[in-house]
Amino acid sequence: MAKMTATLMQGNEAIVLGALAAGCNFYAGYPITPASEIMELMSRRLPAEGYPFIQMEDEIASIGCCLGASLAGRKAMTATSGPGFSLMQENLGYGYIAEIPMVLVNVMRAGPSTGLPTNVAQGDVQQARWGTHGDHPAIVYCPATVKECFELAINCFNLAERFRTPVILLADEVVAHMREKVTLPEPDDIEIINRRQPTVPPDWYIPYKSDGSMIPLLADLGQGFRYHVTGLVHDERGFPTRRQDEVEPFYNRLFAKISRHFSDLEMVKGFSLADADTLIIAYGCTARSAAAAVRIGRQRGLKLGLLQLLSLWPFPRRAVEKALEGKKLALVPELNMGQISREVKRVNGGRTSVYRHGKMNGSMITPNEILNHLREVN
Amino acid sequence: MGPVHRSVVYSWLRHDKKFPHVWCPGCGLGILLGSLVRSLVKSGLQKDEVVLVSGIGCSGRLPVYVDVGSVHTTHGRALTFATGIRLARPELTVIVVMGDGDATAIGGNHLIHAARRNLNLVAVIVNNLNYGMTGGQFSPTTPMGAKASTARYGHIEPAFDIAALSATAGAGFVARTTVYHVTQMEKLLTQAIMHPGFSVLEVLSPCHTNYGRQNRLGSQVEMMKGYKKQAVRVERWEKMTAAEREGHFATGVLVDRELPLYLESYAKVCARARAQEGK
Numbered sequence: 003m004a005k006m007t008a009t010l011m012q013g014n015e016a017i018v019l020g021a022l023a024a025g026c027n028f029y030a031g032y033p034i035t036p037a038s039e040i041m042e043l044m045s046r047r048l049p050a051e052g053y054p055f056i057q058m059e060d061e062i063a064s065i066g067c068c069l070g071a072s073l074a075g076r077k078a079m080t081a082t083s084g085p086g087f088s089l090m091q092e093n094l095g096y097g098y099i100a101e102i103p104m105v106l107v108n109v110m111r112a113g114p115s116t117g118l119p120t121n122v123a124q125g126d127v128q129q130a131r132w133g134t135h136g137d138h139p140a141i142v143y144c145p146a147t148v149k150e151c152f153e154l155a156i157n158c159f160n161l162a163e164r165f166r167t168p169v170i171l172l173a174d175e176v177v178a179h180m181r182e183k184v185t186l187p188e189p190d191d192i193e194i195i196n197r198r199q200p201t202v203p204p205d206w207y208i209p210y211k212s213d214g215s216m217i218p219l220l221a222d223l224g225q226g227f228r229y230h231v232t233g234l235v236h237d238e239r240g241f242p243t244r245r246q247d248e249v250e251p252f253y254n255r256l257f258a259k260i261s262r263h264f265s266d267l268e269m270v271k272g273f274s275l276a277d278a279d280t281l282i283i284a285y286g287c288t289a290r291s292a293a294a295a296v297r298i299g300r301q302r303g304l305k306l307g308l309l310q311l312l313s314l315w316p317f318p319r320r321a322v323e324k325a326l327e328g329k330k331l332a333l334v335p336e337l338n339m340g341q342i343s344r345e346v347k348r349v350n351g352g353r354t355s356v357y358r359h360g361k362m363n364g365s366m367i368t369p370n371e372i373l374n375h376l377r378e379v380n
Numbered sequence: 058m059g060p061v062h063r064s065v066v067y068s069w070l071r072h073d074k075k076f077p078h079v080w081c082p083g084c085g086l087g088i089l090l091g092s093l094v095r096s097l098v099k100s101g102l103q104k105d106e107v108v109l110v111s112g113i114g115c116s117g118r119l120p121v122y123v124d125v126g127s128v129h130t131t132h133g134r135a136l137t138f139a140t141g142i143r144l145a146r147p148e149l150t151v152i153v154v155m156g157d158g159d160a161t162a163i164g165g166n167h168l169i170h171a172a173r174r175n176l177n178l179v180a181v182i183v184n185n186l187n188y189g190m191t192g193g194q195f196s197p198t199t200p201m202g203a204k205a206s207t208a209r210y211g212h213i214e215p216a217f218d219i220a221a222l223s224a225t226a227g228a229g230f231v232a233r234t235t236v237y238h239v240t241q242m243e244k245l246l247t248q249a250i251m252h253p254g255f256s257v258l259e260v261l262s263p264c265h266t267n268y269g270r271q272n273r274l275g276s277q278v279e280m281m282k283g284y285k286k287q288a289v290r291v292e293r294w295e296k297m298t299a300a301e302r303e304g305h306f307a308t309g310v311l312v313d314r315e316l317p318l319y320l321e322s323y324a325k326v327c328a329r330a331r332a333q334e335g336k
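Those protein sequence lines, which keep their order, are chains R and P. In terms of the working numbering, the first sequence opens at residue 3 and continues consecutively. In terms of the working numbering, the second sequence opens at residue 58 and continues consecutively.
Note that these hints are calculated values from the structure, not bench results. Take these hints with a grain of salt, some might be off.
[To be verified] Capping the alpha-carbon separation at 25 Å, the derived lysine to any residue pairs in SDA-like fashion look like this:
{"hint": "1", "chain 1": "R", "residue 1": "Lys329", "chain 2": "R", "residue 2": "Arg358"}
{"hint": "2", "chain 1": "P", "residue 1": "Lys75", "chain 2": "R", "residue 2": "Asp191"}
{"hint": "3", "chain 1": "P", "residue 1": "Lys104", "chain 2": "R", "residue 2": "Phe241"}
{"hint": "4", "chain 1": "P", "residue 1": "Lys74", "chain 2": "R", "residue 2": "Pro251"}
{"hint": "5", "chain 1": "P", "residue 1": "Lys104", "chain 2": "R", "residue 2": "Phe227"}
{"hint": "6", "chain 1": "P", "residue 1": "Lys104", "chain 2": "R", "residue 2": "Pro204"}
{"hint": "7", "chain 1": "P", "residue 1": "Lys104", "chain 2": "R", "residue 2": "Trp206"}
{"hint": "8", "chain 1": "R", "residue 1": "Lys149", "chain 2": "R", "residue 2": "Asp191"}
{"hint": "9", "chain 1": "P", "residue 1": "Lys104", "chain 2": "R", "residue 2": "Pro200"}
{"hint": "10", "chain 1": "P", "residue 1": "Lys75", "chain 2": "R", "residue 2": "Asp222"}
{"hint": "11", "chain 1": "P", "residue 1": "Lys74", "chain 2": "R", "residue 2": "Thr7"}
{"hint": "12", "chain 1": "P", "residue 1": "Lys75", "chain 2": "R", "residue 2": "Tyr210"}
{"hint": "13", "chain 1": "P", "residue 1": "Lys75", "chain 2": "R", "residue 2": "Lys149"}
{"hint": "14", "chain 1": "P", "residue 1": "Lys74", "chain 2": "R", "residue 2": "Ile208"}
{"hint": "15", "chain 1": "P", "residue 1": "Lys75", "chain 2": "R", "residue 2": "Ile208"}
{"hint": "16", "chain 1": "P", "residue 1": "Lys75", "chain 2": "R", "residue 2": "Tyr207"}
{"hint": "17", "chain 1": "P", "residue 1": "Lys74", "chain 2": "R", "residue 2": "Asp237"}
{"hint": "18", "chain 1": "P", "residue 1": "Lys99", "chain 2": "R", "residue 2": "Gly226"}
{"hint": "19", "chain 1": "R", "residue 1": "Lys259", "chain 2": "R", "residue 2": "Arg358"}
{"hint": "20", "chain 1": "R", "residue 1": "Lys347", "chain 2": "R", "residue 2": "Asn370"}
{"hint": "21", "chain 1": "P", "residue 1": "Lys286", "chain 2": "P", "residue 2": "Ala299"}
{"hint": "22", "chain 1": "P", "residue 1": "Lys75", "chain 2": "R", "residue 2": "Trp206"}
{"hint": "23", "chain 1": "P", "residue 1": "Lys325", "chain 2": "P", "residue 2": "Lys286"}
{"hint": "24", "chain 1": "P", "residue 1": "Lys75", "chain 2": "R", "residue 2": "Tyr98"}
{"hint": "25", "chain 1": "R", "residue 1": "Lys149", "chain 2": "R", "residue 2": "Thr7"}
{"hint": "26", "chain 1": "P", "residue 1": "Lys74", "chain 2": "R", "residue 2": "Gln225"}
{"hint": "27", "chain 1": "P", "residue 1": "Lys104", "chain 2": "P", "residue 2": "Gln248"}
{"hint": "28", "chain 1": "P", "residue 1": "Lys104", "chain 2": "R", "residue 2": "Gly75"}
[Stated by the list, open to error] Computed far set for chain R versus chain P, every beta-carbon distance over 10 Å:
{"hint": "29", "residue": "Ala8"}
{"hint": "30", "residue": "Met11"}
{"hint": "31", "residue": "Asn121"}
{"hint": "32", "residue": "Gly133"}
{"hint": "33", "residue": "Arg228"}
{"hint": "34", "residue": "Gln301"}
{"hint": "35", "residue": "Arg302"}
{"hint": "36", "residue": "Arg319"}
{"hint": "37", "residue": "Met339"}
{"hint": "38", "residue": "Glu378"}
{"hint": "39", "residue": "Asn380"}
No residue lacks a Cβ here, since even glycine has one placed at the ideal position from N, Cα and C.
Here chain R stands alone, though its shape is the one from the complex (with noise of 0.2 Å):
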């Protein structure tokens, strides 16, 4: 087989790549920048495998229709940015109550509300968190290169469709509107998961019965398979209860089957660490800034390292505290007022000092900003 040449691409167009080569056999969304490259390409290259593709007339409904087409076997995506992200929290609480597989893209950019809608920012960390209503888990992924954005895009299809739940792709303006030289991987070398299906005859499926993963089998809904589904608290026939029996075993099956995994979950890079005294926390393009500044701080003789967080949520606390072990101090730059920094200080536990570097203009973090910062720290 050829090998595959080096192609330069945006961020929004190998996320659409990695999805389509994830199996992503299904797109319903809504306009909106800087997301919309997305829905565009989608809008060429589904229709031309026969896949559905349909721009519904909001967010709200772009993602009840994933949820819907998911139930009946598609492989889902919509993607959007903070407001449509805010108007798909409803329904995305649904998809974790009823545990159906999509993955959602939010390419984000400044808000609250129309924000400064072509400028980047990092302000939806918590939201992706706990932007829907009620307590559950969240798996949530952030890229910072365009490679990334591929390979990103493939994982979450994989994890939502091994876990039974949606995955969210937190990807940022900058690096979804960027263009880097990316070589894609053959075909046969992408690994891919695909729902676990009912092996048993259809009058003995019962929709939420788990076996030992806790991850209950999705049989497509018109294939035989004849069950109920709602957003309401449901026993494991998936009819709606109340009885506080069934009903906390829910809820702890729910967290479970992901709390369990954190190990699989847990994506971290490291660059320059193994020396370091100094500790860089950063993800998506703010990475890429705390990058040079690591490559410039080592040629001035500082011992800097970067630990860059792929997986945000579950957050990757054993990673973070591996990393903050030993270190004089650690700096967090983010596009925001300090929503993972919050998160480092948590799980620093007295190891080391742990600074914010916050910023919200617009723009990105310079690798001179950070510099100056830990100087200042030092």
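Assemble chain P onto chain R, guided by the hints.
Leaving out everything else, chain P in the frame of chain R:
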């Protein structure tokens, strides 16, 4: 085809755990449930070919009783889930049961766009003129001057005409009936299911517990008798003068037209996309 036997209806219901149902004694939703099952059988459908979708409210609880694929979604969003299911599996018959608040207030945007799109879905909108489940607050179909828990001094907003709204938005098939007119309801449901485009059936149903009590309309029986008096078949309605129409409403098939079908048009898009990709 003759009447559907009780035992057939019985075989389409779920018996594990779900009865008795949640509705008030005298509610029209049970009558609709029976009619719906009978019309599904009359349409020659198998259980595995049908998916029932609903939103939130009293009507939202209907699908769980039927032994088909059933999805009880979020408030007002039933049509969006149904759109996804229908696009994902075009071979399925997707029926959406909504209330008046569900379909025309919080879900009003989805209703007009589903009608405009003309994707083959059946929207059954149960109109009881108020929010029944939450205690009788006014809805977009509450008549002007009526009382509601949030309009104690009389309702001051004009009401939506669900059928006219759906027709204007572009639905291929629009009909109206009441739970009193069971035979007609069954016939209209069957027609709606057979129609190839987006079809809307407005079903007037009494909420004596809330709307009836607050407006002194009497028991459920009195309210049913009211439907009998007020309902006029559309054929006769068209010959009536404005004065004669006062206090009445038309029932039957209000709109039945051939419009471009979404799935047929999308198949053409796919063919064009494939041709361009091949170049």
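Going through the hints against the structure:
For the suggested pair R/Lys329 and R/Arg358, the alpha carbons sit about 15 Å apart, so the restraint of at most 25 Å is met. Taking the CA atoms of P/Lys75 and R/Asp191, the gap is about 48 Å. The hint is violated against a cut of 25 Å. A hinted pair counts as satisfied when its Cα atoms are at most 25 Å apart, and P/Lys104 with R/Phe241 qualifies at roughly 18 Å. Restraint check for P/Lys74 and R/Pro251: the C-alpha separation of about 19 Å stays at or below 25 Å, so the hint holds.
The straight-line distance between the Cα atoms of P/Lys104 and R/Phe227 is roughly 10 Å, inside the 25 Å bound, and the hint therefore holds. In summary, the hint linking P/Lys104 to R/Pro204 is supported, as the alpha carbons are separated by about 12 Å, within the 25 Å threshold. With a CA separation close to 16 Å, the supplied pair P/Lys104 and R/Trp206 stays within the 25 Å bound. Of the pairs offered as hints, the one joining R/Lys149 and R/Asp191 holds, with about 15 Å between alpha carbons and a cut-off of 25 Å not exceeded.
Distance check on the hinted pair: P/Lys104 and R/Pro200 sit about 19 Å apart at the alpha-carbon level, within 25 Å; holds. Distance hint between P/Lys75 and R/Asp222 is fulfilled; the C-alpha atoms sit about 23 Å from each other, no more than 25 Å. Among the hinted pairs, P/Lys74 with R/Thr7 is inconsistent with the structure: their alpha-carbon atoms are about 59 Å apart, more than 25 Å. Pair hint P/Lys75 plus R/Tyr210 holds up; C-alpha atoms about 16 Å apart against a cutoff of 25 Å.
For the proposed pair P/Lys75 and R/Lys149, the alpha carbon gap of about 50 Å is over 25 Å, so the pair is violated. Of the pairs offered as hints, the one joining P/Lys74 and R/Ile208 holds, with about 13 Å between alpha carbons and a cut-off of 25 Å not exceeded. Restraint check: the Cα-Cα separation between P/Lys75 and R/Ile208 comes to about 15 Å, which is no more than 25 Å; the hinted pair holds. A C-alpha spacing of about 17 Å is found between P/Lys75 and R/Tyr207, which places the hinted pair at or below 25 Å, so the restraint holds.
Restraint check for P/Lys74 and R/Asp237: satisfied, since their Cα atoms lie roughly 11 Å apart, inside the 25 Å limit. Annotation: proposed proximity of P/Lys99 to R/Gly226 holds, straight-line Cα distance about 20 Å (limit 25 Å). For the hint linking R/Lys259 to R/Arg358, the alpha-carbon distance of about 32 Å lies beyond 25 Å, and the restraint is violated. At roughly 24 Å between alpha-carbon atoms, R/Lys347 and R/Asn370 fall within 25 Å of each other, so this suggested pair holds.
Distance check on the hinted pair: P/Lys286 and P/Ala299 sit about 17 Å apart at the alpha-carbon level, within 25 Å; holds. Annotation: proposed proximity of P/Lys75 to R/Trp206 holds, straight-line Cα distance about 18 Å (limit 25 Å). At most 25 Å may separate the alpha-carbon atoms for a hinted pair to count; P/Lys325 and P/Lys286 exceed this at roughly 48 Å. Under the criterion of a C-alpha separation no larger than 25 Å, the hint pairing P/Lys75 with R/Tyr98 is consistent with the structure, at around 24 Å.
This hinted pair checks out: R/Lys149 and R/Thr7 have alpha carbons roughly 14 Å apart, not beyond 25 Å. For a cut-off of 25 Å, the pair hint linking P/Lys74 to R/Gln225 stands: about 23 Å separates their Cα positions. At roughly 18 Å between alpha-carbon atoms, P/Lys104 and P/Gln248 fall within 25 Å of each other, so this suggested pair holds. Taking the CA atoms of P/Lys104 and R/Gly75, the gap is near 18 Å; set against the 25 Å cutoff, the hint holds.
Annotated as non-interface, R/Ala8 keeps its C-beta farther than 10 Å from every C-beta of chain P; the closest such distance is 23 Å. Distance to chain P confirms R/Met11 as a non-interface residue, since its nearest Cβ pair spans about 18 Å, more than 10 Å. Listed as outside the interface, R/Asn121 is consistent with that label: its C-beta sits roughly 29 Å from the nearest C-beta of chain P, beyond the 10 Å cut-off. Here R/Gly133 stays apart from chain P, with its beta-carbon at least about 15 Å from theirs, past the 10 Å limit.
Distance check for R/Arg228 against chain P: the nearest CB is about 5 Å away, which does not clear 10 Å, and the non-interface claim fails. For R/Gln301, the shortest C-beta to C-beta distance to chain P comes to about 49 Å, beyond the 10 Å cut-off, and the non-interface label holds. Under the 10 Å C-beta cut-off, the non-interface status given to R/Arg302 relative to chain P holds; the minimum distance is some 52 Å. Every CB of chain P is more than 10 Å from the CB of R/Arg319 (nearest about 32 Å), matching its label as outside the interface.
Distance to chain P confirms R/Met339 as a non-interface residue, since its nearest Cβ pair spans about 32 Å, more than 10 Å. Every CB of chain P is more than 10 Å from the CB of R/Glu378 (nearest about 49 Å), matching its label as outside the interface. For R/Asn380, the requirement that its beta carbon stay farther than 10 Å from each beta carbon of chain P is met, with the minimum near 51 Å.
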